[in-house]
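Protein chains: 2
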Amino acid sequence: MHTDKGTIETGPNLLDGVSLPAAAVFEPALAHNLAWMQAFADAHGARFAPHGKTTMTPALFKRQLEAGAWGITLATAPQCRAAFAHGIRRLLMANQLIGEPNMAIIAELIAQGGEVYCVVDSAANVEHLGRYFAARGLRLRVLIELGVAGGRCGCRDLEQVLALAEGIHRQPALALAGLEGYEGVVSVDGSEPAAAIRAYGRRMVEAAQALEEAGLIEAETALITASGSAWYDLIAKVFHEASLGARFVPVLRPGCYVVHDHGLYREAQIGVLKRQPTLKQGLLPALEVFAQVQSLPEPGLAVVAMGKRDIGADRMPEPLRRYREGGPGAPALSVAGWEVVKLMDQHAFVRLPADADADGSDGDEVRIGDIVAFGASHPCLTFDKWRRVCRVDAALNVIEDMPTCF
Amino acid sequence: MHTDKGTIETGPNLLDGVSLPAAAVFEPALAHNLAWMQAFADAHGARFAPHGKTTMTPALFKRQLEAGAWGITLATAPQCRAAFAHGIRRLLMANQLIGEPNMAIIAELIAQGGEVYCVVDSAANVEHLGRYFAARGLRLRVLIELGVAGGRCGCRDLEQVLALAEGIHRQPALALAGLEGYEGVVSVDGSEPAAAIRAYGRRMVEAAQALEEAGLIEAETALITASGSAWYDLIAKVFHEASLGARFVPVLRPGCYVVHDHGLYREAQIGVLKRQPTLKQGLLPALEVFAQVQSLPEPGLAVVAMGKRDIGADRMPEPLRRYREGGPGAPALSVAGWEVVKLMDQHAFVRLPADADADGSDGDEVRIGDIVAFGASHPCLTFDKWRRVCRVDAALNVIEDMPTCF
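Residue numbers (numbering that gives the first Met the number 0), protein chains in the order written: chain A, 0 to 405; chain B, 0 to 405.
One or more of the hints may lead you astray.
Since copy identity is lost for identical chains, a pair holds within one copy or between any two.
To be verified - Listed next, the in silico DMTMM-like pairs over lysine to aspartate or glutamate satisfying Cα-Cα at most 20 Å (straight line):
(1) Lys273 to Glu26
(2) Lys61 to Asp361
(3) Lys341 to Asp313
(4) Lys341 to Asp400
(5) Lys61 to Glu114
(6) Lys273 to Glu338
(7) Lys341 to Asp41
(8) Lys273 to Glu114
(9) Lys279 to Glu399
(10) Lys279 to Asp41
(11) Lys341 to Asp188
(12) Lys341 to Glu399
(13) Lys61 to Asp392
(14) Lys341 to Glu297
(15) Lys61 to Glu26
No wet-lab data here; the hints were simulated from the structure.
If we strip away everything but chain A, and leave its shape as in the complex, we get (with noise of 0.2 Å):
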């Protein structure tokens, strides 16, 4: 027996069976996007390691290797766990690996035979991480994080950058395998925000290149890897035009992509294409919430079975279009006008506009039942609300039902 929220097992069409609310992933747009984002990466000369924490959804890290992905990136150990348990081998840990239970994690991957990659800014840190992998008869590969003053993680400047490698040099069970960076957190409130990007990009260039002259690169080829879902175009450009020389290989993770957004990710998109004005079209948001009108108490206002706990609430959720329930295939109903105005844990306040809630002669007024397609900023926030989502196709029939594993 399924136990979940949101359990699609009886439901041949969001509209027809499906327990609303229930996250859904379109497959044309994610189609789209999947192809988009890895001809970008290939056009780039960069390997693509998208960040699989958005998802968390080993079916999506599968499309993605399909794709033509390189490996799947990941935020934490039991992520990284999780998706090696789905098959993924190759796994870039894009954050400081603490902990002992969490050393414990991957050390198991990597005597399972998977290659990982995790991200040091500490002395401490490479001591503990080498005094535990060697005491296994285990290698690690780490890659030295580059920050920035008032970011979050990472070594500010290039002198503790090679200290840092020298330290790892003392640590036979450690490999230096590259330089890692997050552009997201460079401060961007400037009035050159791509200025700031591009220069931060340039210092990880300038930080891998000290490093080869200083001899501290061990692997055949080094990575050299950043770029979030908003600025990797400039990244990735920056990357593609440094000369790296054979040794390092420029690695893009962006995750968001995979299914886009209808807010946060959809403006940084508009950035994209104005500086990149060869690329044609871009991303497709990809991801809705559907859920029901439960209520109208009162003249203009809707209460929505939708709250926190099923949709990122970074901001407010995006009415997109209404369905009658019980009637698939019908044509979708306005819902020009409506506004989400508050989230609860389980509810949506939904302001609507005059007249919408009238008994109207078209027939398009709001009924109690009536289904409605939300858009949210910020896809992480709302996977993770869900141990279900289900794919499907532009007619909304469920072609799959997709497992999380947060």
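Guided by the hints, dock chain B onto chain A, whose structure is given.
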């Protein structure tokens, strides 16, 4: 193989073998809260049906029933199914039952012997439910929801309540089992919030009496139910002191009390204890998230491996204590002056007081790998981040690995 985050299969103690971050429920505070709220309900002549949506943790439902609860309240049909699958037979769905796939879930529970109540506030929904359950030869218990103007769901006045009751009587498959409300959506912006809550409780009592006088209550013992975790004392008192006769039994439904919190509900409790001076000790916070310092990249900043995917973010989490890793039994270290200033998906930015990261002679300087216990506001949005939560004793020994069923 476990593939979720925070699995705790290897650790006898939170500081020894448990992959962090992890969420922990402290047994002493849990036991106190379970007994405290049950005694409170008993003392007010009320049945207790704690809201299970807070934790969705069957092991905690079991504890609530063992402590004397009459049933478990839930918010959705899949939540009811999950609770039923773990042995809960009396389910109060404090929400409208919308959508035939959700009706099918509830029908199945009733067919299997479940005693299920749900809430109605519209003629359209009453007709749909009546038709659906009649076609299956089943009978559904419904409670009429009384709301407030500008609030969430629910009838807005007594006239609507009575009209809806008559509509329910026209549906042989529905049994009108009482009245439901939620005082948490009453506007308390004014200078007399308690007065507004009391007035709402009295409106509920009046509506119940009106239903009774009109001969519209069918059940031998009807329910009058309200109360979240902030104003339950006022609701309990109004119901207790009302002349409800033998027909109406009050049912209280707070859910967050079971682990209480370090924010919103801690503050709400100050009000409860002030209003009810006979209550000596109040509820105790029982839920914490343990996570490790992963980076100390610049003076005054610690980056902790815990983010919006691990802990509720309605407010910033509160650092409570700190431990050295690998040292169960060692005394906790101070986090005085530590402040979470930013939360990303998988990272917390903690601002440290001056000298917290200096290599001082007192030996309590912050180190990479230090384990920090955090408290949060609003436990519902911390529980739903986890597939398993561990129950620990005061010495952080893991007593039980408790799966959640979100």
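Looking back at the hints listed earlier, which ones does the structure fail to meet?
-> 1, 2, 4, 6, 7, 8, 9, 12
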